[in-house]
Amino acid sequence: MTRKAKARLLWAGLFLLALGLCLFWFARQNAETSLQTFAMGSYVRQTAWGPGGKAAMEAASQAAADLENRISWRREGDIAKMNSQAGGEPVTVDESTYTGELLEELLELCERSGGALDITIGPVSRLWDFDGEPRVPGEDELKEALALVGHTKLSMESEEYMYGEDRADGSHMDCLGTRYRVSLTEAGMALDLGALGKGAACDAAAEAYRQAGVRGAVAAVGGSVGLYGEKPGGKAFRVSVRDPKGDQAGSLGVLELPGGYVSTSGSYEKYFEQNGENYHHILDPRTGYPAESGLVSVTVWCPPDMDWEWPGALSDGLATACFVLGLEDGQKLLASYGAEGIFVDGDDAVTVTPGLEERFSLTAPGYHREAGAP
Amino acid sequence: MRDLAGRKLLARRELPVILALLLAAGGLLLWARLAPSGSAAVVEVDGREVLRRELNRLAGPEEHAVTGAGGLRVTVELSPRGARVADSGCPDKTCVRAGILTQAGQSAVCLPGRVVLRLEGAGAADAETY
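Chains A and B are the protein sequences, given in the same order. For the first sequence, the numbering used here gives the first residue as 1, with consecutive numbering after it. For the second sequence, the numbering used here gives the first residue as 1001, with consecutive numbering after it.
Isolated chain A, as found in the complex:
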């Protein structure tokens, strides 16, 4: 082999090596991994991009499971304890669980929605038993249960306190935290966070992604979706909105979003039939019966820059509140939070609020699109 040929071969080899390394780096930066689990009584599907995705998703799964233990009334965490001590001694919760700050934000939502969302709906939701053996409660028992519902009867006192935290590098840090004393003031009262548990799990997942330093990830807990970071190439996240018509799994359209949290409440999702009548699972805390607002589905988007500790839970709770309130009041509530929404009514009208006008493509046939209130 001549000297020139050797040089050519060397250059070609170096070029191929560099190309290979570039391709490997690019593939690693954009590698997509997914994980499927169950939490909050729902199917959880996560997708992550970039290095460390698998570990981040496993941490998010654990975070969602821990959260469920704390806030599900079926488990033995903070909420179950508050329910069991209703009418008695307050329950103290501190920074170690975050239950207090979650309840504080939810109470504000209950207040601002005029009680269309009420986290003390436990006595009524247990009578309907949508997750067990659903039935229409008798009028008397419903009246009795309804008397125990009312977020204003939930007492919360808070105080600041100092606590120590050991860091990973062995150093010690003094922190200022908030301690809450929570009590349900009447015996028989019960908290039920079922209307926002899935959204709260998205918050827990996003915090796990942040701590893991993952580049971008999506957590879909049932029908609530958390969109974290960014996708490869800076592309928008695409979220399909379920078509509320009939029982089919079709798509109403697609949202293209830069991040944030999306939740939907629809009367089609869970219901039962009794004496020829359908009863869906979204209860109006003011009547004790399934909400009749003329809507069949509400999808809410909380953008990534919202100043809330639990924006995922907020999106979930807002979707329920808006479904109960109806189109007009629902839009006002969303506007007060800086959130956006898609409202579908029984006449197939799809109302999209201004912030989603450009981000939502309606693809399902048979619907007509209307502009939301400015």
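Simulated from the structure, these hints should not be mistaken for laboratory data. Glycine residues also receive a C-beta, built at the ideal position from the N, C-alpha and C atoms. Any given hint could turn out to be false.
Derived list of chain B stretches under chain A, where covered just means 3 residues or more per stretch with a C-beta under 8 Å from a C-beta of chain A [unchecked claim]:
#: 1; stretch: 1092–1100
#: 2; stretch: 1107–1121
Chain A stretches covered by chain B per the calculated footprint, using a threshold of three residues with CB under 8 Å from any CB of chain B [stated by the list, open to error]:
#: 3; stretch: 42–49
#: 4; stretch: 256–270
Assemble the complex: chain A is given as a structure, and chain B must be docked to it using the hints.
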């Protein structure tokens, strides 16, 4: 073509070969991007994949029974036009009511049995809200 030292990196007679290779690579990339990719039906039990079938490769409908949590039996039907949960031993039948899945990204979930039927494929959204 000459390098900085003025030596020839590529001989003129090698150029056609290099061009042909570049064209072939470009063609392959274009084919990979434009070729229609069919949907795959995936069945999971408790988050673990137990069945995967490319729908457009099926000659006709086929049924598969899987055993979910608590011994719950779920039967899925796959065909070139879609996939559905044909039968389930669960009490609420939400998975059966989901109907036929035809688009990538759609899913039918049997929560009591922890059985999931979903479609994967090009064009699927990152998530579905419902």
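Structure-based check of each hint:
1. Restraint check on the stretch 1092–1100 of chain B versus chain A: 6 residues with Cβ-Cβ distances below 8 Å, three needed, restraint holds.
2. Counting residues of the stretch 1107–1121 of chain B whose CB lies closer than 8 Å to any CB of chain A gives 6, which reaches the minimum of 3, so the coverage claim holds.
3. Coverage of the stretch 42–49 of chain A by chain B holds. Counting CB-CB distances below 8 Å, 4 residues qualify, and the rule asks for three or more.
4. Taking a C-beta to C-beta cut-off of 8 Å, the stretch 256–270 of chain A contributes 6 residues in contact with chain B, enough for the three needed, and the coverage statement holds.
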